[in-house]
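Visitor: Based on the hints, put chain B in the right spot on chain A.
Protein chains in written order, with the working numbering: chain A, 1 to 238; chain B, 1 to 457.
Do not take every clue at face value.
[Stated by the list, open to error] Below, simulated SDA-like cross-link-like pairs (lysine to any residue); rule was C-alpha separation at most 25 Å, straight line:
id, chain 1, residue 1, chain 2, residue 2
1, A, K73, B, R365
2, A, K84, B, A347
3, A, K73, B, R79
4, A, K84, B, L452
5, A, K73, B, D66
6, A, K136, B, G346
7, A, K84, B, F4
[Unchecked claim] If you want the ones that stay clear, here's a sample from chain B, every Cβ over 12 Å from chain A, calculated:
id, residue
8, T151
9, G290
10, V330
11, F453
Derived by calculation from the structure, the hints in this document are not laboratory data. Nothing here was measured: the structure is a model prediction, and the numbers come from that model. We put the beta carbon where it would ideally sit given N, CA and C, even for glycine.
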Amino acid sequence: MIELQDVGKAYRTDLVETHALRGVTLHLEPGEFVAITGPSGSGKTTLLNVLGLLEEASSGRYLLDGEDVSGLKDDRCSRIRNEKLGFVFQSFNLIPDFDIYDNVEVPLNYRGMPRAERHRRITAALERVGLGSRMKHVPAQLSGGQQQRVAIARALAGDPRVILADEPTGNLDTEMSGQIMDLLEEINAAGTTIVMVTHNPDLARRARRHIEITDGRVSERRRTGPQEPLAAAAPTAV
Amino acid sequence: MTRFMLLHDLRLALRSMRHTPVLTALTAGAIACGIAAAMIALTLYHARSGNPIWWKSDQLFAVTLDNRGPPGPQDQFQRHPEYPPFLVTYRDAKALSQSNIPTRSVMMYRSVGIIEPGKPGLKPFSASIRMTTADFFQMFDVPFLFGSGWTRSADDGPDPVIVLGRQLNDKLFAGANSVGKLVTLHGRQFRVVGVIDNWMPVPKFYDLPLNSFGVPEDLYMPFGWTTALQMPNAGIVSCVTPTAKVGSFNELLTQDCVWLEYWVEMPRVAQRQRFQTFVDNYVRDQKQYGRFVRPLNNRIVNVSTWLAMNDVIGEESRLQVALAGLFLAVCILNTLGLMLAKFLSGAPVTGLRRALGASRRDIVRQHLTEVVVVGIFGGLCGLLLSSLGLWAIRTLTYNSAFDNSAERLALAQALSHMDVTMLLLAALVSVVAGVLAGIYPAWRIGRMQPALFLKSQ
Numbered sequence: 001m002i003e004l005q006d007v008g009k010a011y012r013t014d015l016v017e018t019h020a021l022r023g024v025t026l027h028l029e030p031g032e033f034v035a036i037t038g039p040s041g042s043g044k045t046t047l048l049n050v051l052g053l054l055e056e057a058s059s060g061r062y063l064l065d066g067e068d069v070s071g072l073k074d075d076r077c078s079r080i081r082n083e084k085l086g087f088v089f090q091s092f093n094l095i096p097d098f099d100i101y102d103n104v105e106v107p108l109n110y111r112g113m114p115r116a117e118r119h120r121r122i123t124a125a126l127e128r129v130g131l132g133s134r135m136k137h138v139p140a141q142l143s144g145g146q147q148q149r150v151a152i153a154r155a156l157a158g159d160p161r162v163i164l165a166d167e168p169t170g171n172l173d174t175e176m177s178g179q180i181m182d183l184l185e186e187i188n189a190a191g192t193t194i195v196m197v198t199h200n201p202d203l204a205r206r207a208r209r210h211i212e213i214t215d216g217r218v219s220e221r222r223r224t225g226p227q228e229p230l231a232a233a234a235p236t237a238v
Numbered sequence: 001m002t003r004f005m006l007l008h009d010l011r012l013a014l015r016s017m018r019h020t021p022v023l024t025a026l027t028a029g030a031i032a033c034g035i036a037a038a039m040i041a042l043t044l045y046h047a048r049s050g051n052p053i054w055w056k057s058d059q060l061f062a063v064t065l066d067n068r069g070p071p072g073p074q075d076q077f078q079r080h081p082e083y084p085p086f087l088v089t090y091r092d093a094k095a096l097s098q099s100n101i102p103t104r105s106v107m108m109y110r111s112v113g114i115i116e117p118g119k120p121g122l123k124p125f126s127a128s129i130r131m132t133t134a135d136f137f138q139m140f141d142v143p144f145l146f147g148s149g150w151t152r153s154a155d156d157g158p159d160p161v162i163v164l165g166r167q168l169n170d171k172l173f174a175g176a177n178s179v180g181k182l183v184t185l186h187g188r189q190f191r192v193v194g195v196i197d198n199w200m201p202v203p204k205f206y207d208l209p210l211n212s213f214g215v216p217e218d219l220y221m222p223f224g225w226t227t228a229l230q231m232p233n234a235g236i237v238s239c240v241t242p243t244a245k246v247g248s249f250n251e252l253l254t255q256d257c258v259w260l261e262y263w264v265e266m267p268r269v270a271q272r273q274r275f276q277t278f279v280d281n282y283v284r285d286q287k288q289y290g291r292f293v294r295p296l297n298n299r300i301v302n303v304s305t306w307l308a309m310n311d312v313i314g315e316e317s318r319l320q321v322a323l324a325g326l327f328l329a330v331c332i333l334n335t336l337g338l339m340l341a342k343f344l345s346g347a348p349v350t351g352l353r354r355a356l357g358a359s360r361r362d363i364v365r366q367h368l369t370e371v372v373v374v375g376i377f378g379g380l381c382g383l384l385l386s387s388l389g390l391w392a393i394r395t396l397t398y399n400s401a402f403d404n405s406a407e408r409l410a411l412a413q414a415l416s417h418m419d420v421t422m423l424l425l426a427a428l429v430s431v432v433a434g435v436l437a438g439i440y441p442a443w444r445i446g447r448m449q450p451a452l453f454l455k456s457q
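For reference, chain A alone in the conformation it holds in the complex:
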């Protein structure tokens, strides 16, 4: 469903040209759980941004669900992000003065969805991440793990095809990290493709597929089939 063909991304200034991605060719199937690792400055986040249509590739082709999304106009890119992609960020990126109901509602507003439908989806998403009783809380009243779960609910509410997670456990302790990974595995098991950037090799092992990126070039580290069990972390309490 996601195909990158010889994709490159370069940042140009008057003096310097930096190649963040070089000749990236990648094929992701629906329902995959992909971990992307690499040293700092290797291009992990740039790859995620290109996949998420937050940045446009300098060269190559990007096909999403068979549609060539390279060079699309902003309106179309925004619509695709809204309908097909979900984002989870390291620093949660919740709007501080919105309660969590309103936070989860944000992407649905840009779809022009009727109020009743929005309410149904928001409620279902928050129930799914275990925060159905906290709808009127603001982010400051939640723990880090809870905030990240709200961010996941926000990503889920739109029923995306792919969730792009950039260091989703980067700001969390071990226990909370485990909870979040459990949640992501559950979501993946239900059919949503997940692409996760992480520094943590233990977390990378929990994904079915492990891709490494170095100096803008990708290489396949490991690939497990859909029937093979995932590498499990130590069980943790929710």
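Guide: Relative to the frame of chain A, chain B by itself:
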């Protein structure tokens, strides 16, 4: 844009304004100050620049004849040396009145007289008088509360009749219907034939050379009494030739000294052409007697042109409006800076919205909505400030310790009143100010790359 998105943008705008109350107040305050200055200047300009008889503006004409002496150094002291004198002489007015081409015509001037009320508790007092021929009332659509004007034959008499202004009628007869009642004026009794209702043309178009923004006269008297009672001239007398002088009332009637206003009503175009020919022929004829030494320069002008010739709206008024506009521009720039700072400080949230599906267009529209709402709020505050400013101007400038009559207060109100047109203009200016102040900040925040802010929020 759907209704849903508009409501959504409105909700976000109100939320954002509540979130930064001090910044919102500063921004609205800046717009309010600009709007207030602009609206005060525009209201005063608008009140002065109106045509109070716009429905007949192209039917009424002021008649001017160039009977000045030869051109000379004295011309440089005139504001508009190219124009003939704005008043006419007695004999020219009399000659013009012989023409039956206009449908109506009026010759008039401002006088003053002493009224003896003959009532206990009311001493004799001075009253302003408009000495005029009968057509004045119909020509200028003067509204009557009681009765009507006098007939043309009353001018010839002259009949001892007068028309009272409403305020004078209130003073003499407690506002009752005084038609038929007698008033002693200049030691003679005059019968009231009419009482004028509230009437305050702004500007006083028929009396511009003397008083552009004055109150109407207390009463009106047939022009025929000018000679019968040698009614004094309380306006302008200007001798326009080197040899003319006024040492007596008789010289006022015979010399080349201008002191009368002359107006005609000509609804049809053919009338105007014929009357112009009549006037030009008259002047050519007078040249034989050594008068009208300058080339033909007789102007028969409609009300709009008359207002422009008299510089009712002077350069200083235009300058005031320009300065107020400049001040508004500075306030808008100030607001632009404030909004830019505010929007850029909210860039992380905007970046998030972009990631979650907001297009650039959505972001620009959302932020523009906020600025327009602030603009409207600032405009409302500006209107309040404008009202305060106009009240201050009214109180300090127009109200007089010596004359706080109802008419003078009504004139002050008319000259500083914000009518529906100005209110609508204020609303429009508020919205436009908001858009102008917000368009660049909204565009700028819409252009930013969302990825830049997402990781570092």
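Visitor: Would you mind marking each hint as holding or not holding in the structure?
Guide: A quick look at each hint next to the structure:
no., hint, result
1, A:K73 - B:R365, "holds, 18 Å"
2, A:K84 - B:A347, "holds, 24 Å"
3, A:K73 - B:R79, "violated, 63 Å"
4, A:K84 - B:L452, "holds, 22 Å"
5, A:K73 - B:D66, "violated, 72 Å"
6, A:K136 - B:G346, "holds, 23 Å"
7, A:K84 - B:F4, "holds, 22 Å"
8, T151, "holds, 75 Å"
9, G290, "holds, 84 Å"
10, V330, "holds, 32 Å"
11, F453, "violated, 9 Å"
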